[in-house]
Amino acid sequence: MAKPELMDYDKALELFEPVLGFEVHVELNTKTKMFCGCANEFGSGANTNTCPTCLGLPGGLPQVNHKAIESSIRLGLALGCEIAEHSRFARKNYFYPDTAKNFQTSQYDDPICHDGSLTIELESGRLVTVEIERAHMEDDAGKLTHMGGSTGRIQGADYSLVDYNRGGVPLVEIVTQMIEGAEHDAPEIGRTYVAGIREIAKALGVSNARMEEGNVRCDANVSLRPRGSKVLGTRTETKNVNSLRSVERAVRYEIQRQAAVLAAGGTITQETRHWHEDTGITSAGRPKSDADDYRYFPEPDLVPMAPSREWVEELRRTLPEPPAARRKRLQADWGFANLEFQDVVNSDLMDAVEATVAAGASAQSARKWWTGEVARLANAAGVAADSLVQPAQLAALIALVDAGTLTDRLARQVLEGVIAGEGTPAEVVASRGLAVVSDDGALIAAIDEALSKQPDVLAKIRDGKLQAAGAVIGAVMKAMRGQADAARVRELVLERAGTAESGTVE
Amino acid sequence: MSAITAEQVAHLANLARIDLSPEEITNLTIDLGQIVDSVAKVQEVATADVPATSHPMPLTNVFREDVVVPSLSVEQALSGAPARAGDKFRVPAILDEE
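Chains as they are written, first to last, in the numbering used here: chain A, 1 to 506; chain B, 1001 to 1098.
Hints were generated in silico from the structure; no laboratory data involved.
Each hint should be verified, as a subset may be incorrect.
To be verified - Just a sample of chain A residues kept apart from chain B, beta carbon distances all over 12 angstroms, derived:
1. Glu17
2. Lys143
3. Glu180
4. Asn346
5. Glu354
6. Gln413
7. Glu449
As the list claims (entries may be wrong) - Examples of chain B residues lying across from chain A (beta carbon under 7 angstroms, computed):
8. His1055
9. Val1069
10. Ala1093
If you're wondering where the values come from, they're calculated on a predicted model, not measured in any experiment.
Ideal Cβ placement from N, Cα and C applies to all residues, glycine included.
Please take these sequences and the hints and turn them into a complete structure.
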């Protein structure tokens, strides 16, 4: 595949105005699929969660999952949408083996949610309100694996394998209006918008919202129009951009690619494009016209929905604090600098820190432990930090450090014990015998012994060369197997050497 | 006179991976044509004073609780598949017709 030419980004923006649009699919975390009682779970054996309904077998009859409707309405409300008084499903007909039914059950002219918006804040502080046209429900397709060929990609595959476990899992597809005026911020708007949707879905608890597992997927529409023109350019739709960083890269790439094509006198083909995470480019998929005929018609096997206004209002009362507002509140409460706070947010540890603070730890200690030692251990184990230890346990550990029972070094050993399932921090301290030796008698005995073995050091200390004390402190810490407070040991060493610093000004 | 042709039926059969004999194609072309004609008749009487309906039953909000019920076994699920590989359905290469 020849690498297409790209125009310098700033140059592209000078010549063209980008117009964006996003379709974000949010996979709901209901226990069962949208229209049947098969389990909705990630990672089970192939084709273990299927039934006649989701396999499209004769006689299969869909039944709407109440919880999925509830989740869709809550998601719509959180995005400021109107909830339709009358809504129905429609068949979107197409032949492709990712759906065994030969149609996707979706919504066409009566989506459950419409006319909302999401205001996002860019790093520059610029606020952008993204208008949302609609949020409709549909079922997900099965998972295809392309076999043979050289690349494992769709082009050149000899055959494909299908796992229908995901087929029929409930999705909400959120469609924006055209986003104009994005200018240089276009890539960041894409990333921040998708991050905002993901954050809201997570806060509502309606989705696991893990992009790496495909719970949130983005199709990015990009078109360019020459400066001064009122006419929209031809758009491309880059499918399945599945990480926040990729959304940003894909939008930037399409702007640069389209600008190069247009500037060279070429035309943009209206088509879907595939995003390649590894090479950071998009490639042509199938041509797509606005007249694509999916032969939509109302789903005859399902009756319409008419969510009562009482139900909608009841669901509105269950909405959590909007994530953006919550972030502002927590940063102020915790007194974190922007970088400290970003570190917590980017590591997905806001909930963990909040719970740890609620369990009694100081915000700074909670932040330090979560983004430091816990994140390091989680990284090494390849798991999420907040799955490694309970906030209450970490708060208890921090309390032991604050009380002087543990040094940071000992606390890290205790943390490992807690993670290994050896019990609460206090239990691990007891069973591993890790508490700081705070008995001055024991420390003094060790110090006197060390000083008597190193008379030269003792002489230096008495000469005022206090840095020489390090050798003695090291020996004492070793004798205490690290379980002493080094600062206290230093004080005692100087005291025993007869040069206590108390009250002196250095 | 219906607008359905034998070529359209053959194309749809191919897309749906249904093996049809020439006689079946001829018969289905006639049958589908009659269905299209019948629908056209209904459209004639569906004037502006007849509200559009998507369902004959005057029902709304028929929901199922979110409770897992047992699925088919993998063997049952794959029993009707023309080809399989392990526990997955095996289907022909996909983009060759585009």
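Here is what the structure says about each hint:
1. Glu17: Holds, because the least Cβ-Cβ distance between Glu17 of chain A and chain B comes to about 32 angstroms, which exceeds 12 angstroms.
2. Lys143: 9 angstroms, violated
3. Glu180: 33 angstroms, holds
4. Asn346: 33 angstroms, holds
5. Glu354: The claim stands: Glu354 of chain A keeps its Cβ more than 12 angstroms from every Cβ of chain B (closest is about 28 angstroms).
6. Gln413: The claim stands: Gln413 of chain A keeps its Cβ more than 12 angstroms from every Cβ of chain B (closest is about 42 angstroms).
7. Glu449: 67 angstroms, holds
8. His1055: With Cβ-Cβ at 5 angstroms, under 7 angstroms, it holds.
9. Val1069: The hint holds - Val1069 of chain B has a Cβ within 7 angstroms of chain A, the shortest such distance being about 3 angstroms.
10. Ala1093: Holds, about 5 angstroms.
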